[in-house]
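Student: Given the structure of chain A, go ahead and fit chain B onto it with the hints provided.
Chain residues, written in single-letter form:
Number of protein chains: 2
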Amino acid sequence: MSSIGPEIERLIQLLAKLPGLGPRSARRAALALLKKREALLEPLASALGEAAAAIKTCAVCGNLDTASPCALCRDPRRDARLLCVVEDVADLWALERAAVFRGRYHVLGGALSALDGITPERLNVAALLARARDVDEVILAVNATVEGQTTAHYLMDALAACGVKVTRLAHGVPVGGELDYLDEGTLSAAFKARRAP
Amino acid sequence: MSSIGPEIERLIQLLAKLPGLGPRSARRAALALLKKREALLEPLASALGEAAAAIKTCAVCGNLDTASPCALCRDPRRDARLLCVVEDVADLWALERAAVFRGRYHVLGGALSALDGITPERLNVAALLARARDVDEVILAVNATVEGQTTAHYLMDALAACGVKVTRLAHGVPVGGELDYLDEGTLSAAFKARRAP
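These protein sequence lines map, in sequence, to chains A and B. Each residue of the first sequence is one higher than the last, beginning at 1 in this note's numbering. Each residue of the second sequence is one higher than the last, beginning at 1 in this note's numbering.
Next up, chain A with everything else stripped away, as it sits in the complex (with noise of 0.2 angstroms):
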């Protein structure tokens, strides 16, 4: 659009290609932006410049953060004979915020699909399985996906050669969920794992 300047044009571009913005969206962020310079602009744009020079991979689990080990590796408090395989960075946040698991993770980077190409020599596997030797149960943590689910099987055949203890994560009805609502696959899972209260 001739209108646009051609460097809001390519700021409404860049937008554009974050999930959960569409280009409708995206024009929205950068009219408030520019709209906003003092409050907004000039700190994201340092925020984005600072995260660019100084957020590396954690060489040892897959992590995000400022330093290789990231703070999880190192930190002592942290059980280092657990680990928890997860899927992506998001799913370690996500554990995180729970608040449920004071052990190590294991970062895979995805989840193993043949339609996509992704094999386990294109995912973080190489590396877990060292680790694995090392630990005293191995916790995956992955989505409860189609890809997910091969992903924990393949694993698990994997891990079966380390001797070393293999969980999964509960299947059943999500805190706060009502019946009605859930598929047949969560209620059957949620059934035959009944339990005594």
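Calculated from the structure, these hints are not laboratory results. Among the clues, some could well be false.
Where chains are identical, the list cannot tell them apart; a pair therefore holds if satisfied intra-copy or between any two copies.
Unchecked claim - Below 25 angstroms or equal to it, Euclidean Cα-Cα: the simulated DSS-like pairs (lysine-lysine) are:
no.: 1; residue 1: 192; residue 2: 36
no.: 2; residue 1: 35; residue 2: 165
no.: 3; residue 1: 17; residue 2: 36
no.: 4; residue 1: 165; residue 2: 192
Tutor: Relative to chain A, chain B alone:
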């Protein structure tokens, strides 16, 4: 959260201030940026920096551009005798995408709102009244909201003294719109303004 470093935390907080992004989608956006460093993070950082340095508000019409007066105000092919009044730069962009208008613009910077304390003095109204003396027609392309219509009525009164022709956008059925989904106000306006084909 202790597991996310302050650099990433600050990036997420700033992204969450963009319209259309909440805390959850800001986390996803930050993660996408950190994963695609060369393709997304660094270009966006430099685009923001360039925009912060280059983009200014046009002193004539209130548009955003690298120069003041802006490209639209400088364009000799645009009819300087037609002035289209919009609330916001986003509205100017929308009209330019429709490529329906070849005159000049005037950005008010908002709409009158007694509740929010937006008085005519806080809008770009005085400059509009000055510019209106040199044009043949002022088109009030304000939003069809209560605030927009209040602003239009105020401007019609104020512009009456200039003796300039004042017009407003037509109300009616949006192109592609289904009658069943339209509100009564729109249907009533479209019915009253019906025309021979």
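Student: Run every hint past the structure and note whether it holds.
Tutor: Now for the hints, and whether the structure bears them out:
1. Taking the shortest alpha-carbon separations for residue 192 and residue 36, neither the intra-copy value of 54 angstroms nor the inter-copy value of 42 angstroms comes in at or below 25 angstroms.
2. With identical chains, the CA atoms of residue 35 and residue 165 are never at most 25 angstroms apart, being 56 angstroms at best within one copy and 32 angstroms at best between copies.
3. Proximity of residue 17 to residue 36 under the C-alpha cut-off of 25 angstroms is found in both arrangements, the shortest distances being 21 angstroms within a copy and 11 angstroms between copies.
4. With identical chains, the CA atoms of residue 165 and residue 192 are at most 25 angstroms apart within one copy only, with a shortest distance of 23 angstroms there and 76 angstroms across copies.
Of the hints listed earlier, those the structure fails to meet are numbers 1 and 2, in rising order.
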